[in-house]
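Protein chains in written order, with the working numbering: chain F, 1 to 308; chain U, 1 to 286; chain R, 1 to 565.
In case anyone wonders, no lab produced these hints; they're calculated from the structure. It is possible that some hints are incorrect.
BS3-like cross-link-like pairs, simulated, lysine-lysine; straight-line CA separation at most 27 angstroms [unchecked claim]: (1) R:Lys393 x R:Lys407; (2) R:Lys221 x F:Lys52; (3) R:Lys327 x R:Lys361; (4) R:Lys192 x R:Lys513; (5) R:Lys266 x R:Lys239; (6) R:Lys453 x R:Lys393; (7) F:Lys85 x R:Lys222; (8) R:Lys395 x R:Lys361; (9) F:Lys85 x R:Lys453; (10) F:Lys85 x R:Lys239; (11) R:Lys131 x R:Lys193; (12) R:Lys327 x R:Lys407; (13) R:Lys192 x R:Lys131; (14) R:Lys222 x R:Lys266; (15) R:Lys192 x R:Lys177; (16) R:Lys453 x F:Lys52; (17) R:Lys503 x R:Lys361; (18) F:Lys85 x R:Lys221.
On a predicted model such as this, the values are computed, not experimentally measured, just so you know.
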Amino acid sequence: MLASAMLLLASSFVVFSLIAIAPGSPLQVLLGGRKVDRATALILEHRYHFDKPFLVQYGYWLRNVVHGNLGDSIAYRDTVASVIKSRVAPTLELGLYATVLVLVIGLTLGVIAAIRRGRRTDAVASFAMLIASSISPYVSGILLIWFFAVELRWFPVFSLGTGVSGRVYHLTLPAIALALGLTALLGRVTRASLSQALGEDYVQTARSRGFRERRVIFKHAFRSAFIPVLTITGVIAGYLISGAVLVEYTFGLNGLGSLLVDSVQSRDFAVVQAIVLIFTAVFLVINLVVDLLYVVIDPRTRLAEEGS
Amino acid sequence: MATVVPARGGVAYRRRWISRATIRKSGLLGGSIILILIVVAVLAPLLAPYPPNAIQFLHTLEGPSLAHLLGTDYLGRDILSRLIFGARLSLLGPLLVVGISTAVGVPLGLLGGYAGGAVDMILGRVYDLLLGFPPLLLAIAAVAAFSPGFTTAVLAIAIIYVPLLARVVRSAVIVERNKAYVDACKVRGFRASRIVFGHVLPVIVPTIVAQATLNFGYALLDLAGLAFLGLGVQPPTADWGVMLSEGRKFILLAPEEVLAASVTIAVAVVAFNLLGDALAQRYSSS
Amino acid sequence: MRYDAEGFHESAVRQYCDGRLTRREFVVKLAALGLGSSAIIATLASCGGGGNATVTSASPAATLAPGGGKEVVRAVSAITADIAGFDYVVAYDLNTNVPVYMVIEGLFRFDVNGVPMPAMALSQDMSDPLKCVYKLRPNVTFHDGSPMTSDDVAFSLLRNMDPDVASYQGLFFSRVKSIAATAADEVTVMFKKPDGVWHLVSGNPGCTGVTSKAWIEKNGKKVGTPAAGILGTGPYKFKSWVRGQQIVLERFDQYWNAANRAMKVKEWVIRPVVDESTIVAALGTGEIDHTFNLSGTSFNLLKAFPNVTQYTAPSYNVAYLGFNCEKAPWSDKRVRQAFSWALDKPGILQAAYANFGKMCKSPITPDQCNFETDQFKAAYDALPAFAPPDINKAKALVQQAGATGVKGQVLVGNDYDVPAGIAVQYAAQQMGMNVSVQRMPQQQKFALEFSGKPRPYDMTITIWGSDFADPSGNIQNCLGPNLILNAVQYHNPQVENLIGLQKSTTNQADRAKYIMEAQKIIVEDQPWVVLYETDTLQAMNSRLAGYALRPLYYNDSWGADIYGV
Chain F
1 MLASAMLLLA SSFVVFSLIA IAPGSPLQVL LGGRKVDRAT ALILEHRYHF DKPFLVQYGY
61 WLRNVVHGNL GDSIAYRDTV ASVIKSRVAP TLELGLYATV LVLVIGLTLG VIAAIRRGRR
121 TDAVASFAML IASSISPYVS GILLIWFFAV ELRWFPVFSL GTGVSGRVYH LTLPAIALAL
181 GLTALLGRVT RASLSQALGE DYVQTARSRG FRERRVIFKH AFRSAFIPVL TITGVIAGYL
241 ISGAVLVEYT FGLNGLGSLL VDSVQSRDFA VVQAIVLIFT AVFLVINLVV DLLYVVIDPR
301 TRLAEEGS
Chain U
1 MATVVPARGG VAYRRRWISR ATIRKSGLLG GSIILILIVV AVLAPLLAPY PPNAIQFLHT
61 LEGPSLAHLL GTDYLGRDIL SRLIFGARLS LLGPLLVVGI STAVGVPLGL LGGYAGGAVD
121 MILGRVYDLL LGFPPLLLAI AAVAAFSPGF TTAVLAIAII YVPLLARVVR SAVIVERNKA
181 YVDACKVRGF RASRIVFGHV LPVIVPTIVA QATLNFGYAL LDLAGLAFLG LGVQPPTADW
241 GVMLSEGRKF ILLAPEEVLA ASVTIAVAVV AFNLLGDALA QRYSSS
Chain R
1 MRYDAEGFHE SAVRQYCDGR LTRREFVVKL AALGLGSSAI IATLASCGGG GNATVTSASP
61 AATLAPGGGK EVVRAVSAIT ADIAGFDYVV AYDLNTNVPV YMVIEGLFRF DVNGVPMPAM
121 ALSQDMSDPL KCVYKLRPNV TFHDGSPMTS DDVAFSLLRN MDPDVASYQG LFFSRVKSIA
181 ATAADEVTVM FKKPDGVWHL VSGNPGCTGV TSKAWIEKNG KKVGTPAAGI LGTGPYKFKS
241 WVRGQQIVLE RFDQYWNAAN RAMKVKEWVI RPVVDESTIV AALGTGEIDH TFNLSGTSFN
301 LLKAFPNVTQ YTAPSYNVAY LGFNCEKAPW SDKRVRQAFS WALDKPGILQ AAYANFGKMC
361 KSPITPDQCN FETDQFKAAY DALPAFAPPD INKAKALVQQ AGATGVKGQV LVGNDYDVPA
421 GIAVQYAAQQ MGMNVSVQRM PQQQKFALEF SGKPRPYDMT ITIWGSDFAD PSGNIQNCLG
481 PNLILNAVQY HNPQVENLIG LQKSTTNQAD RAKYIMEAQK IIVEDQPWVV LYETDTLQAM
541 NSRLAGYALR PLYYNDSWGA DIYGV
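Whenever a hint applies, use it, and build me the whole structure from the sequences.
Spelled out as structure tokens, the structure:
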């Protein structure tokens with residue numbers, strides 16, 4: 001618990017420092033090109049504590065956060081909470097959808113490839129995963145739009161849609177674009193770890209005991225193969241939530257990722273800090289879930305904690 | 001970002017489509033492609049039909065022709081020439097990323113894996129911090145702090161890759177340090193550093209090489225992503241990521257640039273993956 | 001074909017088939033449609049306009065034929081970033097302005113030629129150069145039904161001068177001494193010194209936007225946020241705003257000028273879409289109906305879509321290569337002139353903006369000069385004629401100035417500035433100099449350019465436009481004594497004197513003279529090498545028509561003129 005809190009703190013401090021080092025004060029960035037007189041500029045500077053030293057500014061922020069106040073956005077002249085409120089859901093939903101896709105397709109391909117290891121099916125699956133992992137998401141995004149949305153009209157081009165079914169419909173192409181490369185990653189890890197597990201002695205034992213092949217695979221081999229798969233899924237889920245900027249831009253989703261990039265460029269301290277906090281917290285939650293699942297799937301890990 | 005899991009045993013089937021020989025051969029194929037790309041990058045001035053930055057406002061967005069085999073981009077520059085010259089930075093970037101992250105990650109992994117205890121735990125937390133960071137954020141923030149460019153982008157990505165490599169090395173070291181030969185060294189009174197660098201390291205080098213090779217492909221994609229956001233290599237420098245970003249706008253009118261750059265990147269990434277897989281297979285069975 | 005279940009355009013046929021229209025109603029609708037369409041087409045055909053053959057620059061008649069134009073339940077317009085806030089005090093960019101000035105109106109409203117026409121005010125009396133007396137329009141109500149009073153107007157104007165509010169339009173009020181409601185229908189503004197462009201400031205809804213004093217005081221911190229928006233008098237009212245997703249504006253049927261505007265779109269949905277390629281694709285599928293915010297090269301892609309109509313109009317914007325005039329060798333005007341000779345300006349326009357623009361000899365675009373037009377035209381024609389690139393001449397100038405072999409950097413921000421930057425680099429190379437392109441995010445670049453401190457850069461590519469139809473707009477702040485806005489650090493005492501003179505007199509004939517003299521010197525000095533003038537662009541789904549595109553669309557309640565065809 002303490003470790004997690006320290007992690008959050010460290011993350012926020014690093015980000016704060018990086019933005020503070022950046023040339024150009026946030027005020028200049030905000031007002032750039034617009035005519036504002038000196039008195040107004042001074043007032044704004046004072047309001048956002050730009051006239052105070054760096055550590056003091058960080059201190060103010062920290063104190064506010066502890067009291068549940070995420071601060072104010074310079075660019076939007078509103079509370080940070082209000083600014084990020086409507087962007088959290090799209091990001092999480094997209095990340096979740098993409099994770100589901102990655103899991104479903106990646107596991108399927110990986111399992112098929114492992115079971116049929118060495119045969120043609122494996123070759124095809126492995127090759128497909130290889131190709132998928134080498135396509136850039138920004139290119140796949142625009143290609144998906146042009147082909148499936150503009151040409152075929154099967155899906156909409158952008159935005160979030162309304163209602164549950166509308167949301168799923170609208171997020172399909174972005175989720176695919178986001179998931180493509182990582183599907184391959186999960187598939188490869190699944191293939192490698194499952195085929196290794198299938199070669200273990202206990203599997204041979206199970207086979208020799210006459211269990212059906214399907215039971216052998218899914219009940220016995222899966223158990224131990226699942227650890228690395230779970231690990232990489234955790235990493236993938238974290239990445240999907242925080243790394244969706246390019247997909248957000250392409251599909252006009254306006255989630256936390258694009259807000260983060262914009263806020264870094266406009267030196268909107270408080271917003272950046274808040275988003276980093278959210279991402280780090282999500283990452284920690286995912287880690288926690290993964291750790292719990294380790295124990296559930298394979299009780300042996302409780303005893304031999306060699307770290308994974 | 002793939003972790004290398006050594007393949008053991010394998011299931012005995014009657015006929016294997018992907019035999020060990022196939023993997024070895026595809027590894028050779030991958031290696032040859034990489035070699036070709038390197039040669040092209042080095043010999044770029046000799047191979048490219050036009051200078052990469054020669055603007056021709058009268059011939060913009062032209063399709064493939066005899067004069068321009070892949071057509072021209074929105075400033076009239078020859079796409080093929082830019083692709084050839086682009087190989088330089090596009091291959092150098094990932095090379096530096098992998099080099100730096102390996103140079104930093106290996107010692108850290110060795111340290112954490114061998115020493116264990118508090119040191120390992122602290123390092124583990126640092127890795128968590130780095131991995132929990134939205135990958136693009138560090139790059140974006142770094143670029144905001146120190147102006148955008150090739151160096152900043154490379155350093156930012158390299159820092160993110162350190163924990164990936166360090167963890168792999170750490171796991172491998174943990175496996176090795178419980179083995180008999182390490183005990184034998186200890187009994188003979190070898191210093192820890194000698195054991196680690198002299199005996200353990202050589203054993204895990206193949207794992208490192210295999211992982212590094214795979215990281216190369218990912219670094220290529222990540223750097224291209226940064227160039228695309230305008231945070232890495234700057235126009236008008238020829239670079240595959242820059243070409244993706246510049247050509248993407250005109251995909252409806254003239255898709256040649258995007259397609260050429262995507263295919264080239266994909267081929268390079270695939271080649272590195274094939275090579276990496278072959279190396280992983282070759283060395284892990286020993 | 002639309003995807004959204006909410007609000008698609010219902011055709012009369014569909015209604016008839018669904019049994020919601022009787023046969024008689026259906027026939028009547030068709031007839032009205034036929035008559036209305038012919039009326040509209042006839043009106044459109046009679047108003048010609050300039051522009052490309054494939055692109056419409058025709059301006060529909062200012063008043064719609066009675067009964068013409070179909071009701072549109074919902075239309076979607078795209079902007080390229082979420083708005084800064086829903087309040088006129090922060091509405092000073094091409095995105096925020098688009099929805100806000102549908103809701104807020106100023107005392108005057110610019111017509112197609114940039115001439116201020118009465119809106120909330122009926123007249124402005126500046127016979128005394130130190131005073132401006134507004135007579136207000138009677139019987140105007142805010143969106144909540146409350147009446148507009150002179151107290152509201154004075155309060156709204158004063159907000160711009162309140163340091164606590166920190167309005168972006170503050171500097172327009174630098175010469176204002178006081179503002180007060182002097183009668184039930186009158187507001188008087190007193191000046192410290194005469195302000196030569198105040199009659200135009202009146203037409204800028206950011207400066208003279210009118211809101212309700214009681215409402216602002218009641219809503220305090222919620223003003224401008226998604227919680228409350230703002231209260232105005234415009235043809236549309238603020239309905240909702242989900243950050244990053246959409247802003248919904250609802251038609252205000254009690255709008256004072258409803259009889260003279262189309263008022264056919266019931267609901268306008270404004271959506272921020274960052275990626276221009278996405279906007280293009282969505283226009284093609286019909287998910288977006290309208291946008292102003294595409295740059296030339298993206299706009300050009302729309303010609304592939306038969307269901308999208310492209311509109312162009314002139315603008316007051318010029319794209320230029322700016323030099324740091326206090327840094328050697330750029331301080332030597334021969335070097336600057338050399339670049340003007342070396343650059344292929346038509347080529348740059350083609351690459352950067354797909355030819356949606358034209359060549360311009362001066363920072364002041366001809367369209368900005370809508371008074372003393374003969375004099376301005378003569379002055380413009382007297383400027384050195386436009387000539388194709390001459391590298392030899394350029395090289396000679398560089399050698400004379402002793403600048404061969406010099407290294408430098410040119411800053412670029414937006415995508416469409418990049419081709420210009422690359423062209424500058426290429427030209428420099430041909431002249432024997434070594435210039436590199438430095439790209440940075442646009443906001444960062446603005447911060448650097450308008451910092452007010454000594455500038456570190458050598459050159460910069462920027463697009464700049466005047467806020468009103470006045471020739472001083474492009475030179476007054478950027479090439480004059482204002483240290484913050486003069487990003488090129490160009491200080492010519494003669495020019496600064498002339499700028500001061502034209503600003504301090506309300507005699508427009510004198511102003512024209514001073515401005516033309518200043519223009520002559522500036523064009524000789526070339527602190528800005530003007531690359532091209534951009535066009536104003538609008539893309540609209542062919543099911544809609546109406547708004548007469550103009551350079552100052554972003555200060556206008558554009559959506560009230562759009563109707564279904």
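field: Restraint check for Lys395 (chain R) with Lys361 (chain R), where alpha carbons must lie at most 27 angstroms apart
entry: Roughly 21 angstroms separates the two Cα atoms, so the pair holds.
27 angstroms Cα cutoff - pair Lys222 (chain R), Lys266 (chain R): holds (26 angstroms)
field: Restraint status (C-alpha distance of Lys85 (chain F) to Lys222 (chain R) at most 27 angstroms)
entry: holds (16 angstroms)
query: Hey, Lys327 (chain R) versus Lys361 (chain R), does the alpha-carbon distance stay inside 27 angstroms?
result: Given that 27 angstroms is the threshold and the Cα spacing comes to 25 angstroms, the pair holds.
message: Check whether the Cα positions of Lys85 (chain F) and Lys221 (chain R) lie no farther apart than 27 angstroms.
response: At roughly 17 angstroms apart (the allowed maximum being 27 angstroms), Lys221 (chain R) and Lys85 (chain F) satisfy the hint.
message: Tell me if the straight-line CA distance from Lys266 (chain R) to Lys239 (chain R) falls inside 27 angstroms.
response: holds (12 angstroms)
query: For the pair supplied as a hint, Lys221 (chain R) and Lys52 (chain F), is the alpha-carbon distance within the 27 angstroms limit?
result: holds (25 angstroms)
task: Mind checking the alpha carbons of Lys85 (chain F) and Lys239 (chain R) for me, to see if they're no more than 27 angstroms apart?
output: holds (19 angstroms)
Restraint status (C-alpha distance of Lys453 (chain R) to Lys393 (chain R) at most 27 angstroms): violated (35 angstroms)
- prompt: Quick one, are Lys192 (chain R) and Lys177 (chain R) close enough, alpha carbons at most 27 angstroms?
  reply: holds (5 angstroms)
- request: Decide if the proposed pair is consistent with the structure: Lys131 (chain R) and Lys193 (chain R), CA atoms, cutoff 27 angstroms inclusive.
  value: Roughly 9 angstroms between the alpha carbons, so the hint for Lys131 (chain R) and Lys193 (chain R) holds.
field: Agreement of Lys192 (chain R) and Lys131 (chain R) with the hint, judged by alpha carbon distance not exceeding 27 angstroms
entry: Roughly 9 angstroms between the alpha carbons, so the hint for Lys192 (chain R) and Lys131 (chain R) holds.
Violated hints for the displayed structure, listed by number in ascending order: 6 and 9.
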